[in-house]
Every structure is written in structure tokens, then in C-alpha cells.
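Protein chains: 2
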Amino acid sequence: MKKSAKAKSKTRSRKSTTGFKPTKLKLLIPVPSDIAIAQAGKLKPILQVAQEAGLQERDLELYGPYKAKVHLDVLQRLAKRPNGKYIDVTAITPTPLGEGKTTTTCGLSQALGAHLGKRVFTCIRQPSQGPTFGIKGGAAGGGYSQIIPMEDFNLHLTGDIHAITAANNLMAAAIDARMLHERTHTDDEKFARLMTRNGEFTDAQRARMAKLGIKGKTLADLSLEDKRRLFRLDIDPKSITWQRVVDINDRHLRRIQIGLGDEEQGHDRITGYDITVASEIMAILALTTSLADMRARLGRMVFATDTRGAALTAEDLGIAGALTVLMKDAIMPNLMQTLEGTPAFVHAGPFANIAHGQSSILADQIALKLVGKEGYVVTESGFGADIGMEKFVDIKCRYSGLTPDAAVLVVTIRALKMHGGGPKVVAGRTLDKVYTEENLELLTKGAANMARHIQNAKKFGIPVVVAVNSFKYDTPAEIALVQKLAVEAGAEGAYNCTLWMHGGKGAIDLAKAVVAAASKPKHFKFLYPLDIPIKQKIETIAKEIYGAAGVDYSPEAEAKVELYTRLGFDKLPICMAKTHLSFTDKPDIKGAPSGFTLPIRDIRASIGAGFLYPLVGTMRTMPGLSTRPAYMDIDLDLKTGKIKGLF
Amino acid sequence: MKKSAKAKSKTRSRKSTTGFKPTKLKLLIPVPSDIAIAQAGKLKPILQVAQEAGLQERDLELYGPYKAKVHLDVLQRLAKRPNGKYIDVTAITPTPLGEGKTTTTCGLSQALGAHLGKRVFTCIRQPSQGPTFGIKGGAAGGGYSQIIPMEDFNLHLTGDIHAITAANNLMAAAIDARMLHERTHTDDEKFARLMTRNGEFTDAQRARMAKLGIKGKTLADLSLEDKRRLFRLDIDPKSITWQRVVDINDRHLRRIQIGLGDEEQGHDRITGYDITVASEIMAILALTTSLADMRARLGRMVFATDTRGAALTAEDLGIAGALTVLMKDAIMPNLMQTLEGTPAFVHAGPFANIAHGQSSILADQIALKLVGKEGYVVTESGFGADIGMEKFVDIKCRYSGLTPDAAVLVVTIRALKMHGGGPKVVAGRTLDKVYTEENLELLTKGAANMARHIQNAKKFGIPVVVAVNSFKYDTPAEIALVQKLAVEAGAEGAYNCTLWMHGGKGAIDLAKAVVAAASKPKHFKFLYPLDIPIKQKIETIAKEIYGAAGVDYSPEAEAKVELYTRLGFDKLPICMAKTHLSFTDKPDIKGAPSGFTLPIRDIRASIGAGFLYPLVGTMRTMPGLSTRPAYMDIDLDLKTGKIKGLF
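Chain order of the listed sequences is Z and G.
So for the first sequence, our numbering puts the first residue at 320; every next one is plus one.
So for the second sequence, our numbering puts the first residue at 320; every next one is plus one.
The list treats identical chains as interchangeable, and a pair is accepted whether it falls inside one copy or across any two copies.
With a straight-line cut-off of 25 angstroms between C-alpha atoms, the simulated DSS-like cross-links for lysine-lysine are: (1) K854 - K778; (2) K963 - K536; (3) K963 - K530; (4) K343 - K831; (5) K692 - K340; (6) K546 - K530; (7) K854 - K890; (8) K534 - K546; (9) K963 - K647; (10) K803 - K777; (11) K803 - K752.
What the hints contain is simulated information worked out from the structure, not anything from laboratory work.
Chain Z on its own, in the form it takes in the complex (with noise of 0.2 angstroms):
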């Protein structure tokens, strides 16, 4: 740390040559609680974070003076600067607790940009409400490094999670009421009319029309048949696969039966709720790349077959349109500040099982135009590497373009130690002492795991660098250790970082050691082509990055490959929806196994997002309250309006 601090006092009273001031911390001891940090914190006006950042006013749609969306039409404007550094922040295969990438994305984002004067940007998640008030824990990062104001962080920020709901139950009752209505009006003459204005179609008619072959200028000019096959979708209700959402934990709405009221007799059936940031609207807005793309994606969303066995979309629906509508403020990513005054996107937050747990692709290219070549632009992925760091390449980057210039690999000594053999991590309880006493035994096991991660990570080209989030009960000999294994699995080095208790100056080691890596020459590659099998993708994953020495598909799974296939899904990307608590399917399973099988139950595809998630267990899509959930601490302070008990 000593080392740290001298460099910081070093770099932190160079000017900025970008006009950027850093906010100064007063870091106490012992380090407060994250929402007393928090609203310790200065904000800078969000317009003054803008400028610095090189947008102008007209760029900005402000929501209040700490927040603002930023339009898209920057990226015309700097369409001819070069990008920025892009540096992916990753994590060995987490505890239960997780190991602080949050914190390690925006401690080194203050480090770059605070202390380093480095032009930066932090691009992360939006966090679902779910948690805020179900399990005590903000997603703002912690202590010294966080996003601020983090009560808007976790609350409504802009709405944009609020307009995915809006749309994902929009396109759900539309689903329920078209069967009703297909059912209800048995006459195709009659319904045909109902279905058009004064005989004239829609623009999602006609593209119907295209897809099915269909010629006409309005309905005068087609055959009974025709009206029929173009406005009866024949919906399978077996087959649906859209469910409604929320973005609460809202346990019993997991299964429910819908449509007993007595004017819905006879069109009842059984569906369920998924936490909002798990609809496949929400991968859409994370991997977007422009309105026009989203229209598109939005338009190619599958919620079911026909009785005939073709994929139903959204298009079919004729409500792709209306979607985009609800949609189309959101797109634009929101921009808010961290505690050392550093820019940062937090910007779409799909789930990363079931989807690929990236924030935005929008916010990271505007991010690397702003910070421009002389810029870093700081991302994370969901979950560890071996998932977020595969999606992070094979998905994100495969629709973004862009290329990672570094990746940051997140390891703590108490996660070692559990792959080492320690004993069970579980939230709440008190840790076991293997976990506050130097064990370099069961360290020097347990680096397996991150040894197989950094391994990954070259794979793809991607140069590593270890960041060590550190507690006060690690030992020197323990960092040593991590740092002296790290290198001999070929990461860059390896850093112990404080970036809780101290902000970026606990980052400067981390940040310089990201610079030197960042400057390497390029090597990235894909794991995968797309044009390849499905089953091919799915164990290219498996064997190279799981380290497993086979792929076992259930006959669902056989038969979903096969469908894909004939429908056309199959050269698409593979978004594997597993633990992210082991490399196997068994979230027991620790260190870096290898020779097990790893089984398939199931495939899904979200063909919107543009990804196939074959389910490697069973995955929960909607978390419920404990005994005594957070927001019984949560309240207002009305004498000084005041959030309390957030976190």
C-alpha cells in the first residue's frame, strides 16, 4: 500500500489534460457503510461530468442534475475518432459473496482517471429492483468505489428496466387476447376485416405477407385462403415461450393459471413470471447496436410455433413497432459519475445464465469515441470469466465489433481458499477461520481455478492482469503467493488492490499494470465460428473453457437441436445458461476440475438477443423474499428526504 499511496500523491496533483477534475475523497477509518459513503460522496453536476467527458448540452437528455441519457446520434458525430482502450473486468469462479468486480471495475476507473490522469470511462449494469429489496447488497460497487447517487443507481435510475416490463407484458397480453380473439371469431371473412383499417395493411401485415409469399395491395386482392394463413397465427399455447415479467421477487407468480375470470372461460392456461431483467427484451437492449437494429431484433423475437410448427414473431404480431415505441427512450445509455468524479454508463442488465450478463454494447462504443485513443474505457462481465468472459467475446464483442484490449481477473484469497478445499461460503453466516488466518496450503490448491481462468482468457488473445481485492485479514505471504502463481499461469502480474477502503489510490499498481497490457500488440480471436453445429458450439465451450471431456444432451435437448436447425437458428452464438459457482454444472464442485460430463437438459433460443442458451441445469428466472427481507430496514428520512436502510 505504501507504494500505492506515493504514487498517488504523485499523479494526483498533475493537471488533467482533459479539463477533468477529479472529486477528492475523504476516506475514513474505519470505512462507513456503503449508502453513508455514498451520500458522503460529492456530486459533480451531471452536465459539468458530460463536458468533461467532451459531450455537449445538446447531447444530453438530463433527468435531474445527476443523471442524463446521452443520444445516440454522438456516435455519427465521432464516427472518425479512434477508440479507446477496452478493458474487461472478469472474475475467477465467485463465492457466494462475489469477489468485488464491481468495486474493482469502478476503484480502477477512479485509479485511470482520478489519479493516473487518463482520459476513462466506466460502462456497467443497471441492477434489477429485485435485490434492492429482497437481499440486502447494492450493485453501485463499495465502499470508496461506487457509482453515485447509488439510491437512483438501484432504484428507477431512468425507467429503463420499467419500460422493458411495460413491453415484455405488453406482448404478452397481446398474445393471450390475439388467441382469444382468433378463437372467438370463428369467421375468416369477418375476421380478416376486423384485423385491417378500411381494408389497408399495416406495415407488419405486409411484412407477413412477405414472409408468407402473399401478394395483394389490400384485402380485396386476397383469397379466403390467403386472409386466413395471413391473420390467423394458429398459436400453439404449448408452445409459448414468452412469459410475463416483473422486476420484484415475486415468488408465487413462478407458475400461475391465467384467464379464469368469467369472461375468459375456456381460455385459461398455465405460464409464469420471470424478474424483469431476465425477458429477452432486456438482451436486446444490451446488444443493440442502433434504433434501427432494436426495431429489427424487437421484430425477430420468437414467442412460439404455429400448430403447424413455424416460428411465431413478434412481427406476426404486428406489435414490434409498439415495442420500439416503449423502447425508445431507453436505448439511450444513462450517465452517472463515481465517486472520484470519473464518467460512467450504467446501461441495460440482462441476466447471465439465461442471457449473457453484459451491460450495454451502445454505451461501450460511444464510451471508447469519448475516451478516444489515448482513452480506457473499464467494462464488466457477469458472473466468472468462464461465462462472462466467453459471452463477453463470443456474443457481445461478435455484435459489437469491438475488440478487448485487456482483461482484469478479479481473485480474492477467501475464493482461493475455497477451491483450495475450504469450507462452505454461504451469505450470512460467519466466515470459517481457514478464511481469516494465512493457509498458503490451501491457497496453492485452490490457484488452480484461477490459473484455469487466465489460461481461458489467452485463448481468446486477451492479455490478463490480476487484480487481488483485498481484506484486512489477508497476510503479505498470502498476496505474494497469489501474485508469484498468477504469473506462472501467464497473467501479466498480479496486484493487491484495496479499492474499498482506499477508492482508485488502493487501484494505482492495478491501473498502471492495465495501461502496460492494454499497449501489447493485438491476438484476439473468437473461441468458436458460428457457421459451425450447434452441438459443435456447445462443445467447443465445454471442453476448452469448462475443461469438461464431453457434452450429455437430453432427448429435449436432441430435439431442440434438430429444431433449431430446420428453423434456421443455428448460426447463431451459444449463451451457456450454468452455475456460475463452479466450471461443471455442479455449483459444489471447486478448483478446476476436469474429465466430468457436462449435461444439457434443455435448449432455448432468443432470437431477438440472437443467441441459443442451452440450460445446463435448472435455472431460476425468479428469486423470492427471505424471512425478513431489506426493505424492512428501508425508509425515508422525511426531515432530510433521505433514503436510509438501502444498504
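Got chain Z sorted already, so can you dock chain G onto it with the hints?
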């Protein structure tokens, strides 16, 4: 019209005394679609609108360039300023097409502000997104009398309705989770420990202790029996009145069975969804007068009774603080503008049957201070005057302490002819020719409906000005007849208005008459005092306002009268849930019927909002989607970024 046009040219050039610059309209004939007019409308930056209205930059939270939330502390700053005149726009018993209340509200404001040089504020409701994507038809006014940007108005606006959805559904999830946990944890001692953090009580737990007469500082001070009473709510599942909500027309959610998942087995129950604007939290948003008041009202919301028959509240559930946090931004009124650049608050939009159907008290209070002594606040009450105005007076004004200075009763020749016996008016069908040709006989007969509403308003001591919202096929003789009959019934006058076609210019005579009426001495009174029995309040409304001879109570209603009296809820005002299409409970009975018996099917309670609502017939709280819903026409023009097909 000629007279109005002249009056306008005189006043338009007059320099406003307030620094207000009207936005000039370019009136086109034929009148374009609402969205075409709205998108062609010149928007002032909202900061300018705010400054012209007397607000400072620090009073605002900007939401993009054309919307802003206004901080409530404006009320403290302006506390000593006298209020402006308070004008309520209401209507006769409408046809299903609506008679143009919002158009009149906007156009009258435009006339007062842009043509007569008065300080003015429009205060109206935020519409639900359900109808926006369901039935074609906006809620932002129409023609040249609208609130803009109309797309924002009809879509997310600043997220208030989304916040209500989130808060309402968090509470719903909490109720079901609590029942599950109380049943699962059978050990009282252990359950009590789980419900505290280190044995400490939350504020909500202390509030429940006070209510139950339990004393103690920590868990250790309590007897097992006290722990049991404190932590076990013993919710009677059959008594739960709290529904989930979604701001979408999703009829399949009207009645559903939840908790069918494997892990919730045995915890299933039948419940349903309402549209979000039917949530009690929406009614609270509309009736609250401060952050502290909202916190208290949210805490008082009753969601069920326990197995011993005691009312259970959000405070008992420990969730009122979290709900307040979710609603802390929504409580601030949203500033927008009319097509002629006068300021408007768009804030809250509760149902007009099961709730009171009025925009927020806080918006009115702030607006009345901002316009000051010589100014005018024009607000609107939902449905016809028998419901809207009565609730405006007896519920909204009672909670706000504000009293209206004049009422504007909107009539159409079309609706009066319908009341006189004209054929049924159905949305989407061509009007019968009695409505498009002169027919003084039907009109004379139908004017009895208008007369009843005028006389009702006078029972509250409010002077009434009639606004004839005229159509191109209304004849001069018809308009003159309405004017004569209105004055005979006690109105201050009746004025031909062409607000749809001409904006404020089409309501100058009306505006002048409103100015004159509002300057008369006040004789305002409530219809009933709060301290009479529930039945007496219901009967007063039924007889005095509806013209009923008496009231008939179902056994359920009788039981509720008894229950609510026992629980101490009998001092609340009454919010009749009755059809707006008739003075009676039967939508088909037009005109001004009397001598009928009003049936009360049941009585429900919104204790947090602060009213009891007797059900006169069945009220639908979740609309459906038609065979061809509006969403089919809605899309984004990818070249211009503009919304098309909205209305």
C-alpha cells in the same frame, strides 16, 4: 366566432405582464390529426415555461428538454402568497365518446393565458398506457387544445405510473411471501428472531407494538405470546383485498391462480390484476399533501384482516417505508405546456369510479401559489359532474383545503340530444342523423340532464359557466337554445366554444365569463359532513345529486357498513363507484331521471387514500384488448425518430 376572433387580435398583441410569451398557433383547415398538430407544435424549453410561471431552476428536476418535476418545497417558499382562482372543468352525463373535458381544460387555459393575458396553469391527470395501446384515443386534449409533447404525455412521462406499479406489486409479493413464511416457520421463538436484526426492532415493528400495546426495547424484553402477536400477522387469505397491477389491458390477468410452482405448493390462491391506475397508491398520490402525509397514508393502507378480524396495514407488514422510497420522485408534479405555451401540471390519474378520478392536490396547490391572486388554475374532474364534481368537492377539496371559484360544465349538442331520447351513441360507428341535423325537440328534452348538473353545482355554492363544445354540424339555433336553457337552469351563461378547431381563440368568450364568475363572492359548502353515519352519507349523495328516491343495500353492503363502523372507518368521505353514463346505476337510463332506487352491491375501503367506495353495479378494473388494438398502428419512424400512429 367572429367576435372571438376580434377579441383575440386585440389581446394577442398586448404585452403580457408576466414575461409570458404565448406560442403562436398556425391553424389549419381541415384540422389535422391530434398527433400531427402535436408534432408540429412549437415547444418552448421547459426551463422557459418554468421561469415564465415563476419557478426557478433549482425548483426543477429536468426530464429531458420538455418535461420537469417540480420540488415540493416551492410550497414553503410561496406559502405567504395568496392563491389564484380555482376553476373545475366538469361535464354533463357523457356519451361513450366523451364530451371534450380535457380539450376544454386545455383550450380554456390557452384562452386565459395566451389571449386574455392572465396568469394561468392547467392541472390534469396522467393517462394510463393501457388505452394508449388498446383503444385509439389520446388523453392529452385534442385538435388545437392539447398538452405537448403528447407522446411523452401518453407514454412513460417521468415514470410515476411505473413507480406505482413497482410499489403496489412489491407489497403484493410481500403479502404472499409473509403468509408462506409464517406457515413455514412454525416455531414462534425462532420466527421472532428471524424477523429482527440482532434483536432490534425496526420503526415499523415499534409502530405495531404501540398499536398492540406491547412494550419493550429489544426482543429479549418480550414474552413468547407478545412475540407471537407482534410478528405473526395471521393474514386471513380470504380477506385479502390487495391485487397486483399492470398498466396494460391484460384481461387474462383479471382472475388468476398464483403459487402453483413446486416450491410454493400448498400456498396457491386465487387473486387478480387491476390496471395500475386503479391502485390505491395512485389515489394516495392524487390526495396527498406532503411527503410526510404520503408516508402516513401508505402506512395506513389496509390489505386484509387477520384471522381475528382486525385490519392489517402496510405498516404492519413493515413495507410502508420502502413504498415511500419508491414513490419519492413520483410525488413531484410534472411540468409540461399547452400548444399555446401556457404551463401545465400533469400529475396522478386515479380511476374515476373505484377512486376519485382527479389529478393531484399538490399540483393544484403549487399552481395556485404560482399564478397568485390575479391568476387562474384550471383543473378537470373525471366523468360527469354527478361523479367527478361531487368527488372533487367532497373528497379532493376536503383533503386539500382548497375551494373552487367556478365550475365549467362542458356540454355537447350531441350528448344533449342523446339525453332527449336520441339513438345509442357507439364508439367507432357512424352517428345517427339526428345528431348531425338540427333537432330542437330532442335538444330541449335532453337539456334536463344539463339542468340537473347545473343545479347540483349550485348546491356546493359554485357558480357554473356552460361551455358548448361545438361540432361543425351544430346549428346556430341549437347553440342558442342551449344557451337559453342553461341560463334558465341557473348557469352564469353558456358559450359556444371551438377549442378543437381554434385553440384558445375558440374559447375567449368562455374565458371572460369564467373570469367574471370566479370573481363573485364565495358560498362554497360540502354536500355532507364527515361525522354522520356511512349510510346517511351515501343516501345524501344518491338523493341530492343523483335524484334517487332511496338506496337499497345488499347483505354484503350491510355487513361492510357494520364492519367499517366497528373498525372506525366510518368518518371517511364516500367515493361512489357508479357508471358515468347515467345518473342512475343503469348506463342506458339517460336524461334526468328521478324516483329510482340506487342499489349498493358492496362497499370497499381505501383507508390509505381515505375514502370508502360503495359499488353501484360491477366496476371493471382491468380493460381488455380489442381484436385490432391500437398498438398495431404504432411504430417509430426510424428516419426521423418520431412516433407514428399514436392517435
